[in-house]
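Asker: Each chain, written out:
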Amino acid sequence: MRRDEGGQAVVESILLCLVLLVPLIWMLGVLAELHRGALAAGAAARDAGFAAASAPDLRAASDAIDIAVRQAFVDHELDPERASVRWTSAPGLERGGIVEVRVEYPVPVARIPFVDRVAGPSIRIDARHAARIDPFRSRG
Amino acid sequence: MKLRGESGQVAVLVLGFAIVVMAVVGLAVDGTKAFLYRRTLQSAADGAAVAGASELDLDSYYSSGGRVVAIAPGAARLQALRLLDSRAIRTTVAVDATEDAVSVVIRGRVETTFLNLVGVSAIPVAVEAVAEPFAGES
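Protein chains in written order, with numbering that gives the first Met the number 0: chain R, 0 to 139; chain P, 0 to 137.
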């Protein structure tokens with residue numbers, strides 16, 4: 000005797016939609032986080048570059064970069080402690096030189112609703128900004 | 000009246016839904032790539048324009064007692080290109096420098112991943128930045 004197949008199509012549709020919908024929602028969530036991380040890292044690199052380019056010495060430039068990066072990530076409601084910053088200035092901080100700031104931020108791929116991120120792989124967002132030190136700026 | 004068979008309806012539904020999902024994912028992934036690339040280019044263009052605009056015509060500046068702040072176009076262009084070189088920007092770059100402003104236009108293309116399946120192999124991206132000098136403290 001054949002079993003009644005009534006309603007099977009509905010159940011199968013729901014199951015298959017879930018199989019497609021869950022990865023879709025997860026991916027869109029990750030992309031949204033990538034956008035947020037990219038905006039934060041970009042803003043951090045840009046602000047830090049301009050701040051360092053107008054600093055009077057290397058110590059002040061380092062402090063200005065830390066403050067700018069921290070502020071940018073806090074503004075985007077992201078943890079600034081997870082960001083890594085590297086910067087170079089050649090030649091030194093002399094007028095007309097170039098300061099380059101590179102900010103990296105790992106965007107976690109695995110997240111659980113209401114729990115936030117969990118340990119797992121992450122995508123590293125990279126942002127760089129090069130700023131020229133004003134050749135006419137007075138020092139000290 | 001005899002009902003038509005429902006066999007295969009789910010397959011059609013799933014296929015249609017999968018196409019919609021792939022389109023959304025494709026737009027999201029490739030759109031994100033284009034967005035991130037555009038952001039990188041905009042940052043480079045901004046820095047280059049500001050760097051170029053800091054190359055002033057010193058003769059006119061000193062002879063006017065600091066009242067005339069004009070750009071030295073040749074040096075400004077070189078400075079903007081130098082900064083772009085330092086960032087290894089390998090795209091189409093146009094730097095236009097006058098005595099009043101420096102304009103940097105960068106054009107690039109983002110190779111697509113999902114949209115390539117429907118014949119869109121790349122997304123063109125163009126950014127522009129303009130910087131003008133001014134006298135006094137920033």
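Treat the hints as calculated values from the structure; they're not laboratory data. Don't take every hint at face value.
As the list claims (entries may be wrong) - Incomplete in silico selection of chain P near chain R, CB under 8 Å:
(1) Leu35
(2) Ser42
(3) Gly46
All C-beta atoms in this analysis are idealised placements derived from N, C-alpha and C, irrespective of residue type, glycine included.
Asker: If a hint holds in the structure, say so; if it doesn't, say that too.
Answerer: Hints and how they fare:
no.: 1; hint: Leu35; in the structure: holds, 5 Å
no.: 2; hint: Ser42; in the structure: holds, 5 Å
no.: 3; hint: Gly46; in the structure: holds, 5 Å
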